[in-house]
Amino acid sequence: MSNLATIPIEYYLVFCSVLFCIGVFGVLIKRNALVILMSIELMINSINLLLAAFSAYTNDPAGQIFVFFIMVVAAAEVAIGLAIVVLIYRTTHSIDIDVLNKLKW
Amino acid sequence: MKLILILIPLLPLLGFLFLGVGFKSIPKKVTSIVGPGTILASFILSIITFIHLTQQAGTQSSLFPHSDVYTLFSWISIGSLDISFSFLIDPLSVLMLLVVTGVGFLIHVYSVGYMKDDPGYNRFFAYMNLFVFFMLLLVMGANYPIMFIGWEGVGLCSYLLIGFWFKNHEYNNAANKAFIMNRIGDLGFLLGMFLLFTTFQSLNYQDIFSQAKGMTSGNGTLVAITLLLFIGAVGKSAQIPLYTWLPDAMAGPTPVSALIHAATMVTAGVYMIARSNILYVLSPATMEIIGITAIITALFAASIAIFQNDIKKILAYSTISQLGYMFAALSIGAFTGAMFHLTTHAFFKALLFLAAGSVIHAIGGGQDIRNMGGLRKKLPKTYWTFLIATLAIAGIPPFSGFFSKDEILSKAFEFNHVTWFALAVGAFMTAFYMFRLFYLTFFRAFRGTEEEKHHLHESPAVMTTPLIVLSVLAAIGGVLNIPVLFGGENWLSGFLAPVFADAMAVKVQPAALSHATEWLLMATTLAGCLVTIFWAWRRYVKQENGLLPDEAKRSLLVQLISKKYYIDELYDFVFVKPSLWCSRYLHQVVELRFIDRIVNGVGQVVIWTGNTVRYVQTGNVGFYMFIMILGIILILFFNILI
Chain A
1 MSNLATIPIE YYLVFCSVLF CIGVFGVLIK RNALVILMSI ELMINSINLL LAAFSAYTND
61 PAGQIFVFFI MVVAAAEVAI GLAIVVLIYR TTHSIDIDVL NKLKW
Chain B
1 MKLILILIPL LPLLGFLFLG VGFKSIPKKV TSIVGPGTIL ASFILSIITF IHLTQQAGTQ
61 SSLFPHSDVY TLFSWISIGS LDISFSFLID PLSVLMLLVV TGVGFLIHVY SVGYMKDDPG
121 YNRFFAYMNL FVFFMLLLVM GANYPIMFIG WEGVGLCSYL LIGFWFKNHE YNNAANKAFI
181 MNRIGDLGFL LGMFLLFTTF QSLNYQDIFS QAKGMTSGNG TLVAITLLLF IGAVGKSAQI
241 PLYTWLPDAM AGPTPVSALI HAATMVTAGV YMIARSNILY VLSPATMEII GITAIITALF
301 AASIAIFQND IKKILAYSTI SQLGYMFAAL SIGAFTGAMF HLTTHAFFKA LLFLAAGSVI
361 HAIGGGQDIR NMGGLRKKLP KTYWTFLIAT LAIAGIPPFS GFFSKDEILS KAFEFNHVTW
421 FALAVGAFMT AFYMFRLFYL TFFRAFRGTE EEKHHLHESP AVMTTPLIVL SVLAAIGGVL
481 NIPVLFGGEN WLSGFLAPVF ADAMAVKVQP AALSHATEWL LMATTLAGCL VTIFWAWRRY
541 VKQENGLLPD EAKRSLLVQL ISKKYYIDEL YDFVFVKPSL WCSRYLHQVV ELRFIDRIVN
601 GVGQVVIWTG NTVRYVQTGN VGFYMFIMIL GIILILFFNI LI
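Those sequence lines, one after another, are chains A and B.
Using the working numbering, count along the first sequence one by one with no gaps and you end on 105.
Using the working numbering, count along the second sequence one by one with no gaps and you end on 642.
Keep in mind the hints are simulated off the structure, nothing from the lab.
Hints are not guaranteed to be accurate.
[Said to hold, decoys possible] One-sided excerpt, in silico: chain B residues whose CB lies under 7 Å from chain A:
#1 Arg614
#2 Tyr615
#3 Gln617
#4 Thr618
#5 Gly619
#6 Asn620
#7 Val621
#8 Met625
#9 Phe626
For each residue, glycine too, the CB sits at the ideal point set by N, CA and C.
Next up, chain A with everything else stripped away, as it sits in the complex:
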């Protein structure tokens, strides 16, 4: 564990923030529903990484335990998200989110 100390925590912070921002941009800009789901996964994983890094640097295992929980939740959420995308494809034969604009004023 001690050789992890050779990489300062700031590197992990910046790296995960950048990953998170990439994920956010993906969600905002992309039109493909699957890519949006992947971006959301990216955001989740960046947080996982950060949690694990903090846990290593403070020698507190709680962070890594929390990562397990987050992974479980992410898996369940992806299952549902993909099910919804499949249903949308069945009705509209497209996974472009711009097609879904009927719920408006």
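Take the given structure of chain A and dock chain B to it, following the hints.
Coordinates of chain B only, in the frame set by chain A:
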């Protein structure tokens, strides 16, 4: 004893609730029993109360018990204000109980016949029972608020019963007029009560009167209190200037006129002043005002009655005039005389109204005496009872009206010769217009239409029996208070003496009349009345003149009086039109332009906002996500800031 007292007003109230709830479904036979039945029960209980009262006198050393207060429950208790729902049983309230329930019962029985074909039969008896309930509360109360409940309640029932045939707009207007004028008086009563409370810290009769005993005569606060209470009496008992509602109130069914506007409600003012006798005796200024108002009213109303052509309106003005007599008696301190006249008046005036109803029933609804005549042979029972009542009201011995009126006149003579003269002139006018009415209705030939003539029939027994009972009472009612002059013992004066004892002690008694003077007075008034009756006979039986159609030309004075001195028109111009103008202005300008605009404007703003904000929902998923992320950032941002 307490149970009996609770039952006396409770039974009519239950009658009202029963008939009021089931007025669509209860068969007429049941109502005919329940309606008068509750009043009969109250009458019997009142007799029991009376016997109890006199028996208590027997067991005590000398006097009647001055008062017995029975408390049902404490009603309002805030700080120093403690009003309990209690009844006071003393000679005055027992007398009123007997009159109200006795005459009320007879009128209810009469109504069974009179209102037989009316679709609102159940409703009528419900209202009548409610009226009797409130009237009983009024006379039995032991403090001013209970009296006020009854006071207001009889005003309400008067409105309901005058406007009984509510589909007619004229009748509704008459009912409104009665209620509104009553309310004007009630304002005076309320202010009087407030002043009473601030002065005496209590509203119970016993507390107030025992405190008032020690006050000096002419105390300014007392004058104010008595004047305000008198304003209430002016509204309720139709004195000048609040009397115009009573002739219009003849729009209601005749039993209503008999009960409310002859025997009971209008006498509430007299009762109230008789009850507060000590306060009035200590305010000579108010007594003078009452006296002047009463005498002017008595003469004024009598003069109008001479020229009226509607049988019920004549009786209405007669009621106003006789109430003037009662108030005049109160104003000179003859409290017993006023109550005696109240009792005999209840008998003969109720009889007059019921007999008039019988006549109206006989000719199928008409009320104009110019279309009557010659009913003597066709309606014998009505004729004889009407004659007895007319003799009573004219003050012919040995009928009851003679004794009561003469007591007032002799007390008036002791007080002031001018008062006596004015009241005597009023008595002559009373005799004249009553016999005018009598002759025109029952003598000579029938002046109505042919079909009315065929329709003429005597009323059924259920209507004539109360007439006969009342005529017996009107005939022998004088025995209540036969003066010493005739060998009597003034029983009623003795009976009511404890109630007025304190007042009599304070009041300066004028010198009593010698027997010779009393005989002379009686003879004078009697002679005057006989002369006027003869004059009326000459004019309306021997010669057929004096009966003009409405459009005929009259001399200026006669025109003025037969149009009731244009008082109604005056009130309309001074009070009604400005009020309506004000109301119209407030509605059109303030309500429509300002208040409605503000209220509707609020609604408009909400709708506009909704219409504008709804465009946020574009339906674009990407846009939604963008806003979501923006929101999260803002929340985090503000979390860090605060």
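>> Name the hints, by number, that the structure is in violation of.
In response: Failing hints: none at all.
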